[in-house]
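Student: Residue numbers (the numbering used here): 10 to 237.
Careful, some of the hints might be misleading.
[Unchecked claim] Quick list of in silico lysine to aspartate or glutamate cross-link-like pairs, DMTMM-like style, CA-CA up to 20 Å:
| # | residue 1 | residue 2 |
| --- | --- | --- |
| 1 | K212 | D226 |
| 2 | K212 | E132 |
| 3 | K86 | E132 |
| 4 | K86 | D42 |
| 5 | K212 | D56 |
| 6 | K86 | D49 |
| 7 | K212 | E57 |
| 8 | K86 | E67 |
[To be verified] What follows is a set of in silico ranges between Cβ atoms, one per label pair, in the way DEER data are often shown:
| # | residue 1 | residue 2 | range |
| --- | --- | --- | --- |
| 9 | D85 | R45 | 11 to 21 Å |
| 10 | S183 | H203 | 23 to 33 Å |
| 11 | A44 | L112 | 29 to 39 Å |
| 12 | G59 | D189 | 31 to 41 Å |
| 13 | A78 | R220 | 43 to 53 Å |
| 14 | S200 | R71 | 55 to 65 Å |
| 15 | G204 | D49 | 25 to 35 Å |
| 16 | G73 | A164 | 16 to 26 Å |
| 17 | D163 | H76 | 43 to 53 Å |
Quick caveat, the hints were computed from the structure, so don't treat them as lab data.
Please read all numbers here as calculations on a predicted model, not as lab measurements.
A virtual CB, placed ideally from N, CA and C, is assigned to each residue, including glycine.
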Amino acid sequence: MARAATRTVRRVARPAPRKPVRRARRATYHHGDLARALVDAAVAIIDERGAEAFTLREAARRLGVNHRAAYRHFADKDALLAAVAEQGFRGLIDATRAQAAGLTEPAARLAAAARAYVAFAAEHPAHFRVMFAPRHNEGATRTLSGAAPFATVDALVAEAYALLEAEVRAGMASGAFAADAGPHPVIALWSAMHGLASLVLMKRVDVPPGRLGTWVDRIFERSLRGLR
10 MARAATRTVR RVARPAPRKP VRRARRATYH HGDLARALVD AAVAIIDERG AEAFTLREAA
70 RRLGVNHRAA YRHFADKDAL LAAVAEQGFR GLIDATRAQA AGLTEPAARL AAAARAYVAF
130 AAEHPAHFRV MFAPRHNEGA TRTLSGAAPF ATVDALVAEA YALLEAEVRA GMASGAFAAD
190 AGPHPVIALW SAMHGLASLV LMKRVDVPPG RLGTWVDRIF ERSLRGLR
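Kindly produce the complete structure, drawing on both the sequences and the hints.
Tutor: This is the structure in C-alpha cells:
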C-alpha cells in the first residue's frame with residue numbers, strides 16, 4: 010500500500026508537459042514590396058541624417074531584413090538613391106499637373122507650377138535633395154561609353170522640363186507671352202522656381218506660416234513679367 014501511495018504521489022508531482030514555444034515570425038515582403046519599403050527607409054534616413062550618412066545596409070537593418078535581400082533589388086547605394094529621385098520626380102510632375110488643372114490663363118498655369126515646385130521642396134526635402142544631388146545631375150553620371158547609368162532619372166528630368174516648356178510655348182502661341190524660339194525663357198523660369206525652392210528648403214528666406222503659396226505668387230510674378 011505504501012508503494013501504491015508513492016506511485017500516486019509521483020504521478021501527481023510529475024510536471025505537466027510544456028507547450029511548444031512559437032517564435033514570432035519576421036515580417037516578410039512579397040516581390041516588389043521590399044523595393045518600395047527600402048525607398049521609404051532611405052527617405053527617412055536622409056530626412057534624419059542627410060544623404061551622406063545613408064547606406065543600403067542601414068535601410069535594410071531598419072526593415073529587419075538581411076542586407077543581402079536589399080542587394081537583390083538594388084545593386085548599390087546609388088541605385089537606391091536613383092529610385093528615391095525617380096519617386097520624387099514623379100511626385101513633382103503629378104503635383105504640377107494637379108495644381109494647374111482647371112486653369113486656362115497661361116500666367117496662372119505657370120504660377121501654379123511654381124507653387125507646386127516650391128511646395129514639393131518644402132514638403133519633401135529628402136526627395137528634393139536627392140533629385141538634384143550632383144551624383145545624378147553632373148557629368149560624372151555618364152560612363153566613358155556615353156551611357157547613362159541613371160537613365161530613368163534623366164528621362165524624368167526631361168519630362169519635367171518638357172512640362173514647363175509646353176506651358177511657356179502655349180502662352181507664346183496664345184499671344185500672352187512674347188515669342189522666343191530659344192530655350193532661354195524656359196530656363197529662366199526654371200532657374201527662378203528652383204532657386205526659390207532651394208532658398209525655402211535651406212531656410213534662407215523667412216516664409217510666414219501658412220502663406221507659402223501666396224508668398225511664391227508674389228515673388229514669381231516678377232519672373233513672369235519677363236515673358237511679356
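Student: Confirm or reject each hint.
Tutor: Structure-based check of all given hints:
Between K212 and D226, the direct Cα distance comes to roughly 18 Å. Compliance with the 20 Å bound is thereby established for this hinted pair. Of the supplied pair hints, the one linking K212 and E132 holds, its CA atoms being roughly 13 Å apart against a limit of 20 Å. Under the criterion of a C-alpha separation no larger than 20 Å, the hint pairing K86 with E132 is inconsistent with the structure, at around 24 Å. For the hint linking K86 to D42, the alpha-carbon distance of about 18 Å falls within 20 Å, and the restraint holds.
Distance check on the hinted pair: K212 and D56 sit about 15 Å apart at the alpha-carbon level, within 20 Å; holds. Between K86 and D49 the alpha-carbon distance is near 14 Å, which keeps this suggested pair within the 20 Å criterion. For a cut-off of 20 Å, the pair hint linking K212 to E57 stands: about 16 Å separates their Cα positions. At roughly 10 Å between alpha-carbon atoms, K86 and E67 fall within 20 Å of each other, so this suggested pair holds.
Take D85 and R45: their Cβ atoms lie about 18 Å apart, and the range 11 to 21 Å holds. At roughly 25 Å, the beta carbons of S183 and H203 sit within the given window of 23 to 33 Å. Taking 29 to 39 Å as the suggested C-beta distance range, the pair A44 and L112 conforms, at roughly 36 Å. Checking the proposed 31 to 41 Å range against G59 and D189 shows it holds: the Cβ atoms sit about 39 Å from each other.
At roughly 45 Å, the beta-carbon separation of A78 and R220 lies within the given 43 to 53 Å, and the hint holds. For S200 and R71, the Cβ-Cβ distance of about 37 Å falls outside the hinted range of 55 to 65 Å, so the restraint is violated. Roughly 29 Å separates the CB atoms of G204 and D49, a value that falls within the hinted 25 to 35 Å. The hinted range of 16 to 26 Å is not satisfied by G73 and A164, whose Cβ atoms lie roughly 33 Å apart.
Distance hint check: the CB atoms of D163 and H76 are about 28 Å apart, inconsistent with the given range 43 to 53 Å.
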